[in-house]
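Student: So the protein lines, in turn, are chains X and P. To convert, count from 1 in the first sequence and add 66; that's the working numbering. To convert, count from 1 in the second sequence and add 66; that's the working numbering.
Do not rely on the hints blindly, as some may be mistaken.
A pair counts as met if it fits within one copy or between any two copies, since identical chains are not told apart.
To be verified - Think about it this way: if two alpha-carbon atoms lie no more than 25 Å apart in a straight line, the pair counts; the simulated SDA-like pairs of lysine to any residue are:
hint, residue 1, residue 2
1, Lys337, Ala325
2, Lys183, Glu150
3, Lys88, Tyr159
4, Lys247, Ile284
To be clear, the hints were calculated from the coordinates, so they are not data collected in a lab. Remember, it's a predicted structure, so these values are computed and weren't measured experimentally.
Protein chains: 2
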Amino acid sequence: MTIKANSPVKSSENNFIQKYQKRVQEHDTMLCVGLDPDITKLPLALPGHGGAIYSFCRDIVDATADLVCAFKPQIAYFASERAEDQLEQLIDYIHQNYPEIPVILDAKRGDIGSTAKHYAREAFERYGADAVTVNPYMGFDSLEPYLEYPDRGIFILCRTSNPGGSDLQFLNVGDSSPPQKLYEKVAYLAANEWNKNGQVGLVVGATFPAEITRVREIVGDMPLLIPGIGAQGGDTVATVQAGKKTNLLINSSRAILYASRDQDFAQAARKAAIATRDSIRAV
Amino acid sequence: MTIKANSPVKSSENNFIQKYQKRVQEHDTMLCVGLDPDITKLPLALPGHGGAIYSFCRDIVDATADLVCAFKPQIAYFASERAEDQLEQLIDYIHQNYPEIPVILDAKRGDIGSTAKHYAREAFERYGADAVTVNPYMGFDSLEPYLEYPDRGIFILCRTSNPGGSDLQFLNVGDSSPPQKLYEKVAYLAANEWNKNGQVGLVVGATFPAEITRVREIVGDMPLLIPGIGAQGGDTVATVQAGKKTNLLINSSRAILYASRDQDFAQAARKAAIATRDSIRAV
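Extracted from the complex, chain X is given alone in its bound form (with noise of 0.2 Å):
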């Protein structure tokens, strides 16, 4: 039973966020390309068996590289249909052809320190991820097990668009005067408690960029994570405002990847990644 590791051990000095960083300085984007590979969804003319995940996922990836500071694959899709393989083939292509970019996987894992460490060696040894999304609910000590990766990231959820999303995240919480939220103590915790060596960002939705302004006061220049552009509606302007500009990960995901079901899907992806870019760039 060997793990096949993706990515070679990086040294502690080019942690995630570094590299992060390091491509937004050289490529001026703040865009980051959801791969939520849907398969009733896909470009009519891939091949509808083995590997068509993996192919379109790859075509979208040459298509907007230069155009990103990260890509965001997301494991339930490639779960749902027994394609773990094809995933740990597009991280590794990923790597091998764009080594610059760092892979964010979206797996919101949480679960307590001896089964995440499993979790951990999942997203990091076996998929060679550079961060991986995490659910605070169950507390520090599930958090731990992915920071004893001193390279590697985590992006906490803090506060999400979804219609659920405020049945537990906007409670109001603690004895604080003004009322704090559950998800403001979240992003209190994530800076002033959790992140003790400089791996952590936080999921933040881009629906509400009130929000995204009091999360950024709480935490600084602390990488923002942000969904809910394009298809799921968020205001472009108003969220990167609300994000101060900097240290954000606007991602998109079904605006670019579906843009087109036909053969000129990849161009079309491409023109909606270019146009997305500069709608960031642009405020």
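Given the structure of chain X, go ahead and fit chain P onto it with the hints provided.
Tutor: Frame of chain X; chain P shown alone:
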């Protein structure tokens, strides 16, 4: 890209919770055996190559099947070893040989609706699990896709007994008097707003019996999956009493799986499982 459907679609008159309750009635057991196959702890006599995880778990299943109300494989231990195929095989084996025993996939998934659909497909169609553990941080719409499978169940993380479990779960929320903790709010939402078709249970750690009592007050007779007995130190008597002795799934993993590392590991696991089942029964 075809999905192997591990289990046929069942009628909703025989849903997960009914399957669990029937099992408890017929076998008088509330013991759930957690299948967390850590390869560094497997019996020394097992073959060290492909299939060892499956072989080990299958032997544990055969040695304990008549003693349990459910099996709970933990997906991280398979994913970190690229052994998803062995997890498929294992669940298939349980369904084929012990069709009356429900299988709870411990995956603690949590994501927005469109992605959660893929996680639900992974758990219920690919792996054929009867139920899956899920994380409530993203709210109700992140749970709905699982509930669209009428014969399956979810266990929502409520109160976990790991060291960081209190970081968020024990915060006072809302403005009620007396103050309500976040885990109490989750229990309330689960029982009163989210459990529309009797498919929902909660995960509540064994370390804090007073909190099990509190959850039981809030949720009535909803099934409670309780990890933390055995290696994690929870007190069986206090736990079972706090849970009102009904609709409990008391999980033990390590204390049973690794009772011995020698050739007698299956017999040792059986012995440990009998002792745990009986200590639950005795209350």
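Student: Now tell me, hint by hint, if it's right for this structure.
Tutor: Results for each hint:
no., hint, verdict
1, Lys337 <-> Ala325, "within (9 Å within a copy, 59 Å between copies)"
2, Lys183 <-> Glu150, "both (19 Å within a copy, 17 Å between copies)"
3, Lys88 <-> Tyr159, "within (20 Å within a copy, 50 Å between copies)"
4, Lys247 <-> Ile284, "both (12 Å within a copy, 23 Å between copies)"
In the structure shown, no violation is registered for any of the earlier numbered hints.
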